[in-house]
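Colleague: With the hints as extra help, turn the sequences into a complete structure.
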Amino acid sequence: MKRLEALQAIYPELEQSVVVTIMGAVAAELQSIGHRPNFFYLQHAMGLASSLGLGIALARPEFRVIVLDGDGSVLMNLGGLSTLARYRPRNLLHVVFDNESLLSVGGFPTATSTGTDLAGVAAASGVPRTATVRDLDAFKQEFTAALAANDLATIVAKVDATGPQSFLTDLGLLENRFQFQRCLREWSPPRAGS
Amino acid sequence: MPVSAIHSDLIYQSLKSTGVRIMSALPETWLVHLIRLAEADPDMTLVRLAKEEEGVGISTGAHLSGVKSAMLMQNHGFLAAVNGVVSCAQLYRIPLLMVISLRGDFGEKDPWQTEGGLVTEELLRALRIPSARLEHPSHVKERIHKGMTLAYASNRPVALLLCRDLMWEET
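Each protein sequence line maps, in turn, to chains W and A. Residue numbering for the first sequence follows our numbering, beginning at 345 and increasing consecutively. Residue numbering for the second sequence follows our numbering, beginning at 179 and increasing consecutively.
Keep in mind the hints are simulated off the structure, nothing from the lab. None of these values were measured; they are calculated from a predicted model. Idealized CB from N, CA, C, for every residue including glycine. Keep in mind that a hint or two might mislead.
Only some residues are given here: those of chain W computed to face chain A with a beta carbon under 7 Å [as the list claims (entries may be wrong)]:
no.	residue
1	Leu392
2	Leu398
3	Ile400
4	Gly424
5	Thr427
6	Arg521
7	Gln523
8	Phe524
Stretch by stretch, here's where chain W covers chain A in the computed footprint (C-beta under 8 Å, at least three residues) [unchecked claim]:
no.	segment
9	225-234
10	243-257
11	288-301
Modeller: Right under this line is the structure:
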């Protein structure tokens, strides 16, 4: 499965959610599909996207928050999974794109390439709903089911270690940050069932 | 335990009166009363962390969603959070209020605290993070309020250092 295809498949749901992504390919590819003011790209501070999502989910329980994470980032903050599970925000869905490598810095393999099972780590940390998916249909199915379940979930999506030509985009970091904050001030969550 | 309950309560009430509604924390001796106060307060969301750097992410998310927060940590926890402070809070101009217990300063009896005590204030200066020492109860409310005001005006981290003379009552 290609990450870009997975992002395209869930894009209609992302448009209606408060979205936090990591840096690198995830941020660049989501922007290539279409930036929205309710998307925030954490372009550094690896590991903290899930913590940032937790902060939003706790501060505003009425928001639906989707965190688009990666294996390299999650491995830098495994303790964050235990904190997520401890507070179990039912309005947070955690997607981990696992390409088993640090793609943007030369593709060096991460520990998921030698067997670390991030869905297993999440489950053992106490995340109530976890899954590992390996193709697009399974990803769509699990993503939809996790949203409908209204509970904290970590979905690990195994994706190819390919990405865009460049990770630089036209959107300034602070432009994104202030636009996102302004957007959240007036953000209306989607209607139940939509 | 000779941690001052009265001064901890003063610090807690001062933080709360600035509008703080989320506190992230990792326990340490000097912070025990503060953490218990946050835990018992129905108006406060206490987030117990595995590592202090997570607190930077939580405070960033809270701020972008319009909620005031503070981090409670020991100075060694601040050392553990530095990349998050630089690559999240400073890069994205987040008003991050850090309440840091300053262990390893004059009077410290625990040998393991002494190295961190030597570098904390120098590191804050190197990071251009304004800091104020809270050494006496008369400092607490005013410096906490001024710290929060500066954090919001500058959109940057600010540190409040909880010092031994405020926190510890020798028995």
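Colleague: Against this structure, judge whether each hint is valid.
Modeller: Each hint tested on the structure:
1. Leu392: holds, 4 Å
2. Leu398: holds, 6 Å
3. Ile400: holds, 4 Å
4. Gly424: holds, 5 Å
5. Thr427: Cβ of W/Thr427 sits 6 Å from chain A, so the hint holds.
6. Arg521: holds, 5 Å
7. Gln523: violated, 11 Å
8. Phe524: This hint holds: W/Phe524 lies near chain A, its Cβ roughly 6 Å from the closest one there, short of 7 Å.
9. 225-234: holds (count 9)
10. 243-257: holds (count 4)
11. 288-301: violated (count 0)
Going through the hint list in order, the structure does not satisfy hints 7 and 11.
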